[in-house]
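Asker: This is what each chain is made of:
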Amino acid sequence: MNRLHDILRHWRSLSLSVKFGCAFSLLLVLLLLEALAGYGALRVVLEAESEILTSVEIRQRVFEMGGELEKARRMHRDFFLKFSEIGYADAHEQYFLPAKAVTARVVALSEDLRKIVEASNVSFSLRERNKDITLYLTSAQRFGEIFEETVSQVAVLAAPKTGLLEQLGQLGDRLGVLLRGATEAHLLYLEMDHNVQKYLILRQRPYMQTALNIGFKLERALETAPELAPARRAEVRRLVRDYLVVAGRIPDVDVRIRGLLNDFSLQAHAVDPISRDLKALAAIEVERARARISGVSRLASVIILATALLGLGFAMVVAWLIHTTVTRKIVDLTQAAAQLRVDGLEDSPKAPEGDEIGVLAATFKSMVARMQDLVTNLESKVALRTEELAATNDMLEQAVRELDEKNHALEVMTRTDRLTGLSNRRRLEEALRTEVLRARRYGKPFSVILLDIDHFKDVNDLHGHQAGDNVLIAIAGLLSRTARETDIVGRYGGEEFLLVCPETEIQVVAALAERLRLEFTSTDFPLVGRVTSSFGVAEYTQGDEVGSLLERADQALYRAKNKGRNCVEVAGFTAC
Amino acid sequence: MKRAVLALLTVVLAALSLLCSCETAPEPCADKLGCVDLGPDEPLTLGVVQALSGKVAPLGQDQIRGLELALASRGNKVLGRTVKLMTEDTGCNAEGGANAALKLVADPKVLAIFGTTCSGAAASTAEVMSKAGLAMISGNNSAPFLTAIGGHRAPKWQTGYLRTAPNEESAGPAAARFAYEKLGIRKAATINDGDIYTKGLTNGFREEFEQLGGKIVLDATVNKNDANMEPVLTTVINSRAEMVFFPLFQPEGNHVLLQARKMPALAKTVLMSDGSLIENSFIQAVQAAAIGMYFVGPTPPKRTPELEKLEAEYKARYHGSPPTYYFINAFDAAGILFAAIEKAAVKGGNGRLRIGRQALRDALYSTTGYPGLTGSLTCDEFGDCAAQSFNVLRLTDPTSGVEGLKGNVEFTYAPKR
Numbered sequence: 005m006n007r008l009h010d011i012l013r014h015w016r017s018l019s020l021s022v023k024f025g026c027a028f029s030l031l032l033v034l035l036l037l038e039a040l041a042g043y044g045a046l047r048v049v050l051e052a053e054s055e056i057l058t059s060v061e062i063r064q065r066v067f068e069m070g071g072e073l074e075k076a077r078r079m080h081r082d083f084f085l086k087f088s089e090i091g092y093a094d095a096h097e098q099y100f101l102p103a104k105a106v107t108a109r110v111v112a113l114s115e116d117l118r119k120i121v122e123a124s125n126v127s128f129s130l131r132e133r134n135k136d137i138t139l140y141l142t143s144a145q146r147f148g149e150i151f152e153e154t155v156s157q158v159a160v161l162a163a164p165k166t167g168l169l170e171q172l173g174q175l176g177d178r179l180g181v182l183l184r185g186a187t188e189a190h191l192l193y194l195e196m197d198h199n200v201q202k203y204l205i206l207r208q209r210p211y212m213q214t215a216l217n218i219g220f221k222l223e224r225a226l227e228t229a230p231e232l233a234p235a236r237r238a239e240v241r242r243l244v245r246d247y248l249v250v251a252g253r254i255p256d257v258d259v260r261i262r263g264l265l266n267d268f269s270l271q272a273h274a275v276d277p278i279s280r281d282l283k284a285l286a287a288i289e290v291e292r293a294r295a296r297i298s299g300v301s302r303l304a305s306v307i308i309l310a311t312a313l314l315g316l317g318f319a320m321v322v323a324w325l326i327h328t329t330v331t332r333k334i335v336d337l338t339q340a341a342a343q344l345r346v347d348g349l350e351d352s353p354k355a356p357e358g359d360e361i362g363v364l365a366a367t368f369k370s371m372v373a374r375m376q377d378l379v380t381n382l383e384s385k386v387a388l389r390t391e392e393l394a395a396t397n398d399m400l401e402q403a404v405r406e407l408d409e410k411n412h413a414l415e416v417m418t419r420t421d422r423l424t425g426l427s428n429r430r431r432l433e434e435a436l437r438t439e440v441l442r443a444r445r446y447g448k449p450f451s452v453i454l455l456d457i458d459h460f461k462d463v464n465d466l467h468g469h470q471a472g473d474n475v476l477i478a479i480a481g482l483l484s485r486t487a488r489e490t491d492i493v494g495r496y497g498g499e500e501f502l503l504v505c506p507e508t509e510i511q512v513v514a515a516l517a518e519r520l521r522l523e524f525t526s527t528d529f530p531l532v533g534r535v536t537s538s539f540g541v542a543e544y545t546q547g548d549e550v551g552s553l554l555e556r557a558d559q560a561l562y563r564a565k566n567k568g569r570n571c572v573e574v575a576g577f578t579a580c
Numbered sequence: 002m003k004r005a006v007l008a009l010l011t012v013v014l015a016a017l018s019l020l021c022s023c024e025t026a027p028e029p030c031a032d033k034l035g036c037v038d039l040g041p042d043e044p045l046t047l048g049v050v051q052a053l054s055g056k057v058a059p060l061g062q063d064q065i066r067g068l069e070l071a072l073a074s075r076g077n078k079v080l081g082r083t084v085k086l087m088t089e090d091t092g093c094n095a096e097g098g099a100n101a102a103l104k105l106v107a108d109p110k111v112l113a114i115f116g117t118t119c120s121g122a123a124a125s126t127a128e129v130m131s132k133a134g135l136a137m138i139s140g141n142n143s144a145p146f147l148t149a150i151g152g153h154r155a156p157k158w159q160t161g162y163l164r165t166a167p168n169e170e171s172a173g174p175a176a177a178r179f180a181y182e183k184l185g186i187r188k189a190a191t192i193n194d195g196d197i198y199t200k201g202l203t204n205g206f207r208e209e210f211e212q213l214g215g216k217i218v219l220d221a222t223v224n225k226n227d228a229n230m231e232p233v234l235t236t237v238i239n240s241r242a243e244m245v246f247f248p249l250f251q252p253e254g255n256h257v258l259l260q261a262r263k264m265p266a267l268a269k270t271v272l273m274s275d276g277s278l279i280e281n282s283f284i285q286a287v288q289a290a291a292i293g294m295y296f297v298g299p300t301p302p303k304r305t306p307e308l309e310k311l312e313a314e315y316k317a318r319y320h321g322s323p324p325t326y327y328f329i330n331a332f333d334a335a336g337i338l339f340a341a342i343e344k345a346a347v348k349g350g351n352g353r354l355r356i357g358r359q360a361l362r363d364a365l366y367s368t369t370g371y372p373g374l375t376g377s378l379t380c381d382e383f384g385d386c387a388a389q390s391f392n393v394l395r396l397t398d399p400t401s402g403v404e405g406l407k408g409n410v411e412f413t414y415a416p417k418r
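Protein sequences appear in the order of chains A and B.
Per the numbering used here, the first sequence starts with residue 5, numbered consecutively.
Per the numbering used here, the second sequence starts with residue 2, numbered consecutively.
Mixed in with the good hints there might be a few duds.
[Said to hold, decoys possible] Pairs of lysine-lysine, BS3-like flavour, derived with a Cα cap of 25 Å:
#	chain 1	residue 1	chain 2	residue 2
1	B	K344	A	K221
2	A	K135	A	K119
3	A	K202	A	K86
4	A	K135	B	K188
5	B	K316	B	K56
6	A	K135	B	K33
7	B	K344	B	K85
8	A	K410	A	K385
9	B	K183	B	K310
10	A	K86	A	K104
11	B	K132	A	K104
12	B	K344	B	K110
13	B	K33	B	K110
14	B	K417	B	K157
15	B	K263	A	K221
16	A	K75	A	K135
17	B	K132	A	K119
18	B	K348	B	K78
19	B	K303	B	K417
20	A	K119	B	K407
21	B	K183	B	K348
22	B	K85	B	K348
23	A	K135	B	K110
24	B	K132	A	K221
25	A	K165	A	K119
26	B	K85	B	K316
27	B	K183	B	K157
28	B	K310	A	K221
29	A	K135	B	K303
30	A	K461	A	K448
31	B	K183	B	K269
32	B	K33	A	K119
Source of the hints: derived by calculation from the structure; they are not laboratory data.
Here the structure is a predicted model, which means the values were calculated and not measured.
Given only the sequences and the hints, what does the whole structure look like? Please build it.
Answerer: What follows is the structure in C-alpha cells.
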C-alpha cells in the first residue's frame, strides 16, 4: 500500500510532458501490438493464398497433362483400329503425327509441372511426388518413342507396296495363277495359304510354322509335278521361297508389336495412378491452406479482440491519469480564475506544485494587470490581425492555383508531341506496354498501325520545313478524326505515326489502315498537294514484347515501302 | 551508455555468426554423374528389379533372397544405415524392365539397381539405368549380348551394368563341342523364343558348331506362351537334324520336350536345353520324358564351409531348399555392390553421407579378387565379374531331381578369360 502511495506521489511530481509521454507511450505500445498481430495474420493468409494458387495451378496442369496423354492414347488406339481400314498413309497422317505433337505437349507440361513443384511452397508430400512427375515426364517421352517404333513396325507389316502383308498377297496371287492345273501343288499351296490366313487372324505362331512346313512339302512336290514346264517350275520355286521368307518374317514383327503394346499398357499402369494421386494431393493442399487461413483468422480475431479490450483498459487508465493530474488541476485553476474575476483580480489562485500548472498558477497573478489592458485593446487588434491573415491566405491560394496549372501544363508537354498535339513516343510506348500486359493477362487481341509519310523529305526540300510541319499537323488531325475513340494515336518520330488499337483484331485494323490510306490519297494538302503514306500493320501474338511487335509492324511497313509505297502491308500477309 | 550498446551489439553479432556456422551449406557435388546426398537418418535406397510373376518368378524371388542374405550377413546395415529396397516386377520381358527402371530412376535417392532376373528385361533396364547415371548389378543375367562377345562390346552393353552370373557366351560353344566331339552330331537344329537370352545361346551354338564343321539345318523361333510345338518339331523332322538345341524357359521348354517324345520320327534325335530348365519344377513336370535329355549350365561353385553355411541359412530363413544356385550369384552381386558403396561413400559433417554416382561405378568396375562364394570375382570393363565354366549334364533319373542331374556331368568347358 505504501509502495503504491509512493508511486502515486512520484507520479504527481512529474512534469506534464513526462505524464503525457508515458500515457501516449502506453497507447503506442498497444497500437504496435495490434499492428504486429494484424501483420502476422496477413502474412500467413498471403502465404496460404499463394499455396492455394499454386495448388490450383498444379491441379490444372495435372488435368491438362492427363487429358492430353489420354488424347494421345486415343490417337494411338485409333491408329491401330483404323490403319487397316483407311490405309497406313492416312492413319499415319491422321493419328500418328497429331499424337506426336500432343505427346510433345504432355512432355512440356510435365516439365513445367516439375519446375512449379520444385520452386513453390507446397507441402512435403506434394514435393515428394516430384519423382512421380519425373516418371510421368519420362513415361510421356517413352510413349512418344515407343509409338514411333510401333508405327515403324506397323509400316514393315502394312505399309503400301513395301509392307510384308502386301508382298505376301502379291506373291500368293502370282503363285495361285501359276499353280493352276498342277493339282497336288495347287492344293498344297491352298493349304499353306489357308494356314497363313489362320495365322493372320489368330496370330498364333504354330499356324505360321505349319504353313512353312507345308511350303517345304510344296517345294518337294514341285520337283515331281508333270504339269509344270521347267521354266514355270523354276519361277514357282522362286516365288514359293520368297513367300516363305516373307511369311516367316511376319511373326517376328508381330511379337515386336505385341511387346510394344504391352509397353503401352505398362506405362498406363504406371502413370495413371500418378495423375490421380496428384489431383487428390493438390485438392488436399487447397483444403490444407484454407484450413490454415481459417485457423489464422480465428487466432487473429482473438488477438485483435484481446488487444482492443486491453486498449480500452489502457485508455481508461490514461483518461483517469490525465483527469487526476491535469483536468482536475485545470478545473481548480479555472475556479480560481473565476474567483479572481469576482474578487476583482485581488486574490491569488491556488494550485498544486510540481508541474507546469503549478508554475502557471504562480505566474497567473502577475498577469492580472496586463490582462485588463489586453481586454481593452483586444477587439481592434483581432480585427487587424484577421484582415492581415485573410490577405495572406488569398495570396497563398493564388500561388497554389498557379502551381497546379503549371504542373498540369508540364504533364501535358511530357506526353504530347509539341507539333501535332498527338501522343508522343513516350506516351505511345507506355500505352503499348499497358496493352501487351493486358493482352498477355486476358488473352484479348490488339493491333498496331505504323505509318510513314512517303517521300516526306521531298516535301521538306521542295516546299520548306514549315510546309512539311503543316502536312504533319494535317495528317495528325486526319488521324485523330478517323481513329476510333479507344485508339491511341501518336507521332512515333519524324514522319512516322503509330496507332494502337486495343481489343481489335488485325483484319479490322488492316481495314482501318486502308481507310486511312484512301483518306490521305484523297486529301489535298495546302501548298503540297497530294501526300501518300505507307502502312505496316501487326497484331499482338502471345509471347510478344513491345519491341518484337513494333519490329513486325516496322517490317510490314518496310515491305509496303518496297512494294512502291502508298499501300498497307499486314504482318503475315499483304493487302497491297 | 555507448560502451554498453557496443558490447550488446558485439554479443548479438557473435551469436548470429555462431548460428550461421552451425548450418553450413554442403559443398557442390563434383561427381560428373551427380551425387546422392543422405541426411543423418536417411537409409540407403536400392532399386530391386526382378521377375516376380509368371513361371520364372521363383528365379526372381531367389535373387531377392540372395540380396537379403547378403544384407543379413552385415546386420542388415551398410555404412551403419538401413537399406531400403524399392522392388519392381519386370514380368521377365523387355517392356517390364524398361518401365520398372523408369519408376526407379525417377527417384533421385535410388543409388543403384539390383537386377534383373531375365536378360531380355536386363537390356531395357540397363539402357534406362545407364542414361540416368546409375549402376546396376545382376546375379542372374547370363546372355552374352549384355556384356561382351568374343572380347568385344556386345550389342546391348551399357556402361554401369555388371553381373556375377557367368556370361553364357561359352554355354552355346560348350553344347556345340559336346554335340560335335562327343556325340558325333553333324546336323543340328536350334529353337529360340525371340528373347536375347535364348538367341544369344543359339547363336553361340551355331557359330561354334559350324566352326567345328557341323551344319545348322534349322534356326527356328517360337513365341513365348506357345503351347503347340508340333509344327516346329515337324520342321525339325523335315530338316533331318540329328539334334535339337532349345535353350527355352518353362513352359515352352516343357512343351517342346513332351511333344517331341510323342513324335516317333524324333525318337533318335538328341534333345539339349540349358540352365533355364535345370530346375526341380521342370523335372517334376516332365518326369520320365526328360530321361536322356542333355542340359548345358554353369559349373556349380565349389563346396566350401562358407557356402554350406549360407545354404543352411537359406533353408532356415525360407524353409526350403533353393531351386537353383543363382541365389549364390545374387549373394555375391549384393556383396560387391555393398563393398563398392562403402568405397565410394564420403562422410560429411553432422552424420551426412555423399555417394557420387560415377564414383560408385568406378568402385564396381575396380572390383578385383572379390572373395565371393562362387569363387574369386574380378569385374572387367564390360561388366562381367565371373569366370566362364560350363558343364553338360545328362538326366538319367528324374526322381533324383536337380541334385542328381548336377551329378551327371558329361562334359566341362572352361575357356580362359
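Asker: Check each numbered hint from earlier against the structure, then list the numbers of those it violates in ascending order.
Answerer: The structure conflicts with hints 1, 4, 8, 9, 20, 21, 24, 25, 27, 28, 29 and 30, although it agrees with all the remaining ones.
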